[in-house]
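Asker: Single-letter residue listing:
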Amino acid sequence: MKINIKDVEYVANLARLELSEEEKTQQLEKLNKILDYMEILNKVDTKGVQPLAHVLPINNVLRKDEVHETLEREKTLQNAPEEAQGMFRVPKIV
Amino acid sequence: MNYEVVIGLEVHVELKTKTKIFCSCPNEFGSEPNTNVCPRCLGLPGTLPVLNEKVLEYAIKAGLALNCEIAEFSKFDRKNYFYPDLTKAYQISQFDLPICEHGYLDIDVDGNHKRIGITRIHMEEDAGKLVHEGDTISVSDSSLVDYNRAGVPLIEIVSEPDMRSAEEAKAYLEKLKAYIEYTGVSDVKMEQGSLRCDANVSVRPFGQKEFGTRAEVKNLNSFRAVQKAIEYEVERQIELIEDGGKVVQETRTWDDAQGITLSLRGKEEANDYRYFPDPDLTPLIISKDYVEEIRKTIPELPDVKKERLISEMGLPEYDAGVITSSKGLATFFDHTVAIYPDAKKVCNWLMVEFCRLLNSESVEIENSQVKPEKLAALLKLVDDGKISGKIAKTVFEEMFISGKDPEAIVEEKGLVQISDEGALGAMIDKIIAENPKSVEDYKSGNKKALGFFVGKIMKETQGQANPGMVNKMLTERLD
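Sequence order for the protein chains is G and U. Position 45 of the first sequence, counted from 1, bears residue number 34 in my numbering, the numbering being contiguous throughout. Position 74 of the second sequence, counted from 1, bears residue number 72 in my numbering, the numbering being contiguous throughout.
There's no promise every hint is true.
What the hints assert, rightly or not - Lysine to any residue pairs mimicking SDA-like chemistry, simulated, CA-CA at most 20 Å apart: (1) G:K53 - U:S285; (2) U:K127 - G:E61; (3) G:K81 - U:N217; (4) U:K86 - U:L42; (5) U:K402 - U:E362; (6) G:K53 - U:C36; (7) U:K286 - G:L51; (8) G:K81 - U:A125; (9) U:K127 - G:R78; (10) U:K127 - G:N48; (11) G:K53 - U:E55; (12) G:K53 - U:E26; (13) U:K16 - G:E58; (14) U:K391 - U:S309.
Unchecked claim - On the chain U side, residues computed to face chain G include the following (Cβ under 7 Å): (15) K16; (16) N50; (17) K52; (18) P281; (19) I283.
Worth flagging that the hints you see were computed from the coordinates, not collected in a lab. Heads up, the beta-carbon is just placed ideally off N, CA and C, and yes, glycines get one too.
Assemble the whole structure, with the sequences as input and the hints as a guide.
Answerer: See the structure below:
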C-alpha cells in the first residue's frame, strides 16, 4: 500500500500540523517507508492470534473511589493564555 | 408514499461515583469553576490515568440491569479530536471491546409491547464545559472553559435502530431512565446533564429493506425535546425526499426555541477519530464471580416490580406503570403500603394529589415534606370519619407546604368532619324549609335536586359535613 500527498495533507490536518510543500514530500517518503515495513509484517501468519491490547502482561489496575487533593485554581490557570471568571478563555468555537 | 421511521438512541449517563473516572478529583455538580481538577484531568504532561473501580462496577451493574452480556475482556481506546473542552485532544473511551453488549429493554406504547435492543454500553470520560461569554452566543467572540466535568465517568448506552416512532423513542428513554435510577448508579437528571440523549433518525419507504440515510440530532435536553426533535426531523426528511432531494448524513442540533433542527455541517471536522488502544491503561479481565457479585446488588427492577404490584397488590396495569416509573415514587409507595395496606387508595393519592403538587411546586419526591407516615395518618383520619375526603385534599396541601402532621392541621384549622346528627339535622331542616321549589322538583322526580341540597350544606359547613350522613338524612326527609 502506498499513500499520496493528499493523504499526507489529510492526516496533517487531523493532527493540526501545518506543513510546507517540502515537508509534505519528506513526510510522504517517511510514511511510505513505514507502510512498506508493514507489508513485510503483513506476511506473518496471524491466524488465531488476538490483536494486542497492551504491550505489557498486566491487567485490572484499578484505584479506590476516594477523593484526593485537587489543584489550587491559581495554579490551574497559571499558564492560561487568557482567563476570566475562574475559567480558561478560548476563541469562540460554535 | 408512506414512510417508515427508524430511530436509534445514544444515551450518555454520568455515574454517581465520589471521584472521576481516571483521577481522584471529586465528581460533583455545581462547584466553582475549575476547582475539581488536578494535573491528570487537566491532561498535563507526565500524568497517567488509573481506572476508578467503582466505575467498572457501576457500568457492569447498569449492563446487567439492561440484560446485557458482560465482556470477559475489555479495554480502553483513545478517540482523537481537537476541541477546547477536551484537555488531552483525545477522549478515553471504548471502541471495539466495550464492557457490555447485546442487551434489551421492553417498552409499552399504546398497549403494544415491544423489545428494543441495546447494542452496547461503554465507559468513557466526560469533557469539560464551554460557557459562553456575553448575553448570547452570537455576540461573544470567545468562550470560557470549566474543566470540572472533564473526567467525570460516563457510560454510553447505544440502542439498536429498533424504534419506529417518536413515542417509542420517548418510552424507551423513560424506561431506560427508570432502570438506571433503580440501580442507583446515576441520578439521571436530564436538567443537570447527568442523562443526555442523541437521536439517530432516518426514514425509508415502507417495505424497503435498507435503512435510509440518517441524521444525528444532538442537544436534546428533555423528554419533550426528544419527541419534538424526532417529529420535526422525520417531517423534514420526508419533505426533502418528496421534493426530490436527498438526506445527507450529518449532525444536527435541536433548537428548542424555534422548534427546529439545524445542520452543524461545516462547523464540524470529518469524523475520523483514529481510535487506538490507550497504552496508559491496562486491559480488563472480568471474572464470572465478580459479575455475579454485582448481580446480587441489583434491586427489584421496574418491570418486575410492576408485575408484582399488579399480581400481589391488585393495582391496575396503568397505575402500576406510573408508580414504578420513578424510584422515588415506587419507594414512597412501598413505605406507605407497609403501614397503610390499601394499595389502590395510596396509589390514587400518589398519582393525583401528590404528583400534581410535586410538579406544580417543582419539588422532588425525596425532598418533599410529606412522608409515608404522614400520608398514611391522613388516610386513617378519613377512614375514621374524622375528616371528609374533600377536606383531606386541603389537609394534604397544607402538609405539603408546612410539613405538619395531618392531625395537627385538622386541629389547628378546625377541619374536623361534622358527623353530629343533631347539628346536621337542624341545618338540613333549615335548608329544606328555605327552598320549597327544589323540594317540589325533587318530589316530582328530579333526583338531581338532591345534589343542590348537598351542595348547600357543604357550602354552609365549608365542606366539613359528613357527606354520607348528609345524603342519608336528606333522602330520609325528602322521600
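Asker: Is it true that the CA of K53 of chain G sits at most 20 Å from the CA of E26 of chain U?
Answerer: At roughly 17 Å apart (the allowed maximum being 20 Å), E26 of chain U and K53 of chain G satisfy the hint.
Asker: Hey, K127 of chain U versus R78 of chain G, does the alpha-carbon distance stay inside 20 Å?
Answerer: holds (12 Å)
Asker: Just to be careful, I want the Cα atoms of K86 of chain U and L42 of chain U compared with a cutoff of 20 Å; is the pair within it?
Answerer: holds (8 Å)
Asker: Identify whether the interface hint at I283 of chain U stands, where standing means a beta carbon of chain G within less than 7 Å of its own.
Answerer: holds (5 Å)
Asker: How about K52 of chain U: closest beta carbon in chain G under 7 Å, or not?
Answerer: holds (4 Å)
Asker: Using Cβ atoms only, decide whether P281 of chain U comes closer than 7 Å to chain G, and label the hint accordingly.
Answerer: holds (4 Å)
Asker: Is the interface hint satisfied for N50 of chain U? The criterion is a beta-carbon contact with chain G at less than 7 Å.
Answerer: Status holds, d = 5 Å.
Asker: Below or equal to 20 Å on CA atoms is what counts here, so check K53 of chain G against C36 of chain U.
Answerer: Roughly 17 Å between the alpha carbons, so the hint for K53 of chain G and C36 of chain U holds.
Asker: Is K53 of chain G close enough to E55 of chain U, meaning Cα to Cα at most 20 Å?
Answerer: The given pair, whose Cα atoms are some 11 Å apart, holds under the 20 Å limit.
Asker: Does the nearest C-beta of chain G fall within a distance shorter than 7 Å of the C-beta of K16 of chain U?
Answerer: holds (5 Å)
Asker: Given the hint that K391 of chain U pairs with S309 of chain U, test it: the Cα-Cα distance must not exceed 20 Å.
Answerer: Given that 20 Å is the threshold and the Cα spacing comes to 29 Å, the pair is violated.
Asker: Tell me if the straight-line CA distance from K53 of chain G to S285 of chain U falls inside 20 Å.
Answerer: With Cα atoms ~19 Å apart, K53 of chain G and S285 of chain U stay inside 20 Å; holds.
Comparing the model with each numbered hint stated earlier shows that hints 10 and 14 do not hold.
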